[in-house]
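Number of protein chains: 2
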Amino acid sequence: MREYFIEKADANLPQIRKTVIKPDTPTTLLRKGDSITVDLGNHYVGYLSFKMWFADEYVDAPVTLRVRFFETKMEMDYDYSSYGGWLCESWIQEDTIKIDFPGTFSLPRRYAARYVRVEVVHTPRDFTLSDFEFLAVTSADVSSLLPYKSSDPELSEIDRVAVNTLKNCMQRVYEDGPKRDRRLWIGDLRLEALANYYTFRDTALVKRCLYLFAAADRNSLGFLPGFVYEYPIYYPGSWHIVDYSMMYVNTLCDYYEHVGDREMFDELYPLVLDIMSSANNCLDSEGILTVPENDMFIDWCEGLKKQTAHFGVYLYTLGNLTRTLEAMGHPDAAIFASRLEEGRAAARRVLYSEELGAFVNERDGGQYSVHANAWMVLGGAVTGSEAARVMREVISAKDSVKPFTPYMHHYTVEALFTAGLHTEALEYIRNIWGGMVKLGTDTFFEAYVPGDPSFSPYSDNKVNSMCHAWSCTATYFLRKYEIK
Amino acid sequence: MREYFIEKADANLPQIRKTVIKPDTPTTLLRKGDSITVDLGNHYVGYLSFKMWFADEYVDAPVTLRVRFFETKMEMDYDYSSYGGWLCESWIQEDTIKIDFPGTFSLPRRYAARYVRVEVVHTPRDFTLSDFEFLAVTSADVSSLLPYKSSDPELSEIDRVAVNTLKNCMQRVYEDGPKRDRRLWIGDLRLEALANYYTFRDTALVKRCLYLFAAADRNSLGFLPGFVYEYPIYYPGSWHIVDYSMMYVNTLCDYYEHVGDREMFDELYPLVLDIMSSANNCLDSEGILTVPENDMFIDWCEGLKKQTAHFGVYLYTLGNLTRTLEAMGHPDAAIFASRLEEGRAAARRVLYSEELGAFVNERDGGQYSVHANAWMVLGGAVTGSEAARVMREVISAKDSVKPFTPYMHHYTVEALFTAGLHTEALEYIRNIWGGMVKLGTDTFFEAYVPGDPSFSPYSDNKVNSMCHAWSCTATYFLRKYEIK
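Quick mapping for you: the protein sequence lines, in order, are chains X and B. If you're matching positions, the first sequence starts at 8 in our numbering and goes up one per residue. If you're matching positions, the second sequence starts at 8 in our numbering and goes up one per residue.
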């Protein structure tokens, strides 16, 4: 079956669209120790080239240049001489190149950048750099972008940056980040696909990505890997993530809702059944989904207790799947509807503290978090005015654990909408995505904590991805809820 | 005229011949900090590629490798962490590369190497390197190589290494060194052309190079630049060297002698006349060629007094030119014969010390050097048994200044042959070129001082060229004098 699914995926391999960006940079005379900074005018993903030419006299030795690429202005101030993070240092967008002959030089690697800095490491003589070009690549067709107009400049800017983030993550697959990790993750895929339905409407790319996961091995419990590689060969990731596996089910349901491709749904439905059975098999004696914390994601948030949130993902998935099956008159709808009913009751019984009026799971450390409460709202364990109160309290509480990534910010906003708190949802969007916009960015970040813009999940923000797919959904909310 | 001469040169642009070298290197598992050394089995010039593949699991970040190329085994022991020479550090054959995807990776730059070391700087996981290939390039047609057979293993090896040196310097032009400086110098051209007449017999490449210099600007005194660049554009060097300009005349005479192309000789003869008039104009009141030391080369030899040797180059050139013109019955032969006569007399009168029985020029510091005496022998200022005595004494004297480069070693050997000292000439060849062979090399070096193999003209031997054109002439002597 793997070959079949990969074939299906490759039948939807997108065209890579290329645009030559010509920044307005004058011919610059350089000598050893000098540097030049080029502003591309926007954040792009692609390939840099420039012309190196001698000044007074032919440059009689190779010229050694260090070329750094920055996704945001603030990255230009980082000290790149040391790196202390736990992700591979190779992710830092820096290359040292030697140019043997005057002429046009093209760097072979792909970068994600708004700014480029070229430093002269060694040269025997003065030389000039000029004719900088950046061949920007994306599989998004910008001519198909649906319009969004707001009289509010902040909302317009949030939408622009969100769409740009999505565009630059759209390549051969939905990449999580074009700087890092440049691969297809389920959690990012789902959010990119949602934003895409309201912007570029490139449904073939969603289809391709869904088939790429269908081709993956599942682990002994029946769950999907969180990510796959597809170039130069197909290779599924080894980290099987339970909530991401369920997000696959949600992504397929979304796809059916927006595209209505019943044949595809039916073809992938056996995988849906397997994932949902696997999750069902993980319910403990009290009816709560229980897996090791290593097997889930939820958020990059140190010390976060995730069991409640994780169970919320299960309920949320059951809800979406039930609705989708009901809409198509599928006989299995009742099975999932009944599991959802039982799950919601278990959540209420085991995870809710009547005394505190919130989901504070004593079995899991008694932690009060936005994550747990938002996911319980999304899972329908509380509804109506009760859900509104739970959400209002948890996002404003001083002592509640708050999200660190726009991935969890997304589901927090979705929970606010679900709880009918449209005003609070918009305020939250202005605080998070508007907060990033205030830092002067063209793309939204992998991680964002208001008041701590240098936070990194990797102990060193030099490897943070500053154009990260899962943060593109501000456009989805603005457009879906017609906030103008 | 420049365009015309460049056109003539480009009509003789050689074909670059490619051979894939597959070193016998097993698939090697590597992790951060590891390194692998690949032995190409011989010294080649060209392009490296290899296959990077993941081991247990897909390599989920770019892999950063430092790749170093060594022309000789001894270079592998150098400490490359610091460089203190006065030539541009970019000449060191080292590149840091990042590999984004498993597969075959080709380094874009050309290198000169027998050994390659790959060090793992950063990697997120173990990976393998395998399938090393080196695409060797040269414009020499090895199938046209004339045979040389000797029963003496040392002479066979000297010939093999000399021919290999020549082969690897034969590219779009006769390069001085394929590692450094990779350009066409007159002094190197002459010696490469001489060796070539007895080995590959590629006369078109000599023709091309002669026309490339004809296209150059001459300086205010009428001399040629020592070197030219011809890629990607034609650009003549700015260092105009008087002895190299005269070597141009010798190279054209050699070409006529070996190829007999009278039309070409006549076309370039105006340039010959100009150069010889310019030299004649530099004779001082005593009839000695006098130019600033900056305007000549002779040898990389600190503290060397060069006036006598330089005047010897002038006499030697007059001798070759006169012989060539006489052979073709040219009316100008008598002019140069008479200048030669006067020059030899002046040399004897002004530069020779009867008391010391050697050329020890008191006007120029009274230094006793192989350079001065060899060039006087080559210029015919002493002949016969007197020349033999002068040469025998100067090469064996403890206090004489000795040559540092195989360029000057060449003319020393030629002077020994001129003085009829065939046994001493062969001994000298065994001492210099045999000395390099004993170090275990596949090519001859830019600089070689017996007993000091790490000597560098640039304060740091890491930029020394270890495959250098001007050292290839051992094969010329062995074959011309049929030494077997």
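It is possible that part of the hints are untrue.
The list cannot tell twin chains apart, which means a pair is met if one copy fits it or any two copies do.
[What the hints assert, rightly or not] Mimicking SDA-like on lysine to any residue, the simulated pairs with C-alpha atoms at most 25 angstroms apart in a straight line are:
id, residue 1, residue 2
1, K487, L37
2, K214, P460
3, K15, Y65
4, K409, L114
5, K58, L114
6, K39, A222
7, K80, F272
8, K469, T425
9, K29, S245
For the record, the hints were derived by calculation from the structure and aren't laboratory data.
### Query
Which hints, by number, does the structure contradict?
Those not satisfied are hints 1, 2, 4, 6, 7, 8, 9.
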